[in-house]
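Novice: Taking my numbering, the leading residue of the sequence shown gets 324, the next gets one more, and so forth.
Hints listed in this document are in silico derivations from the structure and should not be mistaken for laboratory results.
As the structure is a computational prediction, the values presented were derived from the model and not from experiment.
In this text, a Cβ means the ideal position worked out from N, Cα and C, and glycines have one as well.
Incorrect hints may appear among the rest.
Said to hold, decoys possible - Derived DEER-like restraints, expressed as beta-carbon distance ranges: (1) 373 with 324: 10 to 20 Å; (2) 328 with 349: 19 to 29 Å; (3) 358 with 378: 19 to 29 Å; (4) 338 with 398: 25 to 35 Å; (5) 347 with 389: 17 to 27 Å; (6) 384 with 347: 24 to 34 Å; (7) 365 with 345: 27 to 37 Å; (8) 340 with 403: 33 to 43 Å; (9) 401 with 361: 13 to 23 Å.
To be verified - For lysine-lysine, the following DSS-like pairs were computed, each having C-alpha atoms within a straight-line distance of at most 27 Å: (10) 325 with 348; (11) 362 with 325; (12) 325 with 346; (13) 349 with 373; (14) 348 with 362; (15) 348 with 373; (16) 362 with 331; (17) 377 with 362; (18) 349 with 377; (19) 349 with 362; (20) 346 with 373; (21) 346 with 362; (22) 331 with 348; (23) 377 with 348; (24) 373 with 403; (25) 362 with 373; (26) 331 with 373.
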Amino acid sequence: MKLPEFFKPILWSYDFPAIDSEKNKKVIIVNTINYGDLKHWHWLIQHYGKEAVKDVLEQIPSSEIRPRALRLATTIFSIKNFNYAPRGIN
């Protein structure tokens with residue numbers, strides 16, 4: 324499924340016509356959480372559902388989400404734990 328045109332500004336670094344809402348779900352969710360506004364977040368919830376967005380966010384390192392967006396996403400999607408990226412071995 325193609326994305327609405329209002330996603331173009333937050334997915335500027337991708338080939339927008341080639342983006343598919345199912346195949347590129349993680350990219351869409353992460354970029355929307357980081358750079359989207361209320362209409363983008365609303366579309367995410369309507370299209371994927373809160374649980375699906377939560378599942379994707381819990382699979383990624385919290386460092387992929389901007390700090391201010393992280394707090395809001397944690398509250399809205401009831402995220403208890405993010406996947407933390409492992410540190411290098413000394």
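Novice: Among the hints numbered above, which are violated by the structure, and what are their numbers in rising order?
Specialist: 6, 7
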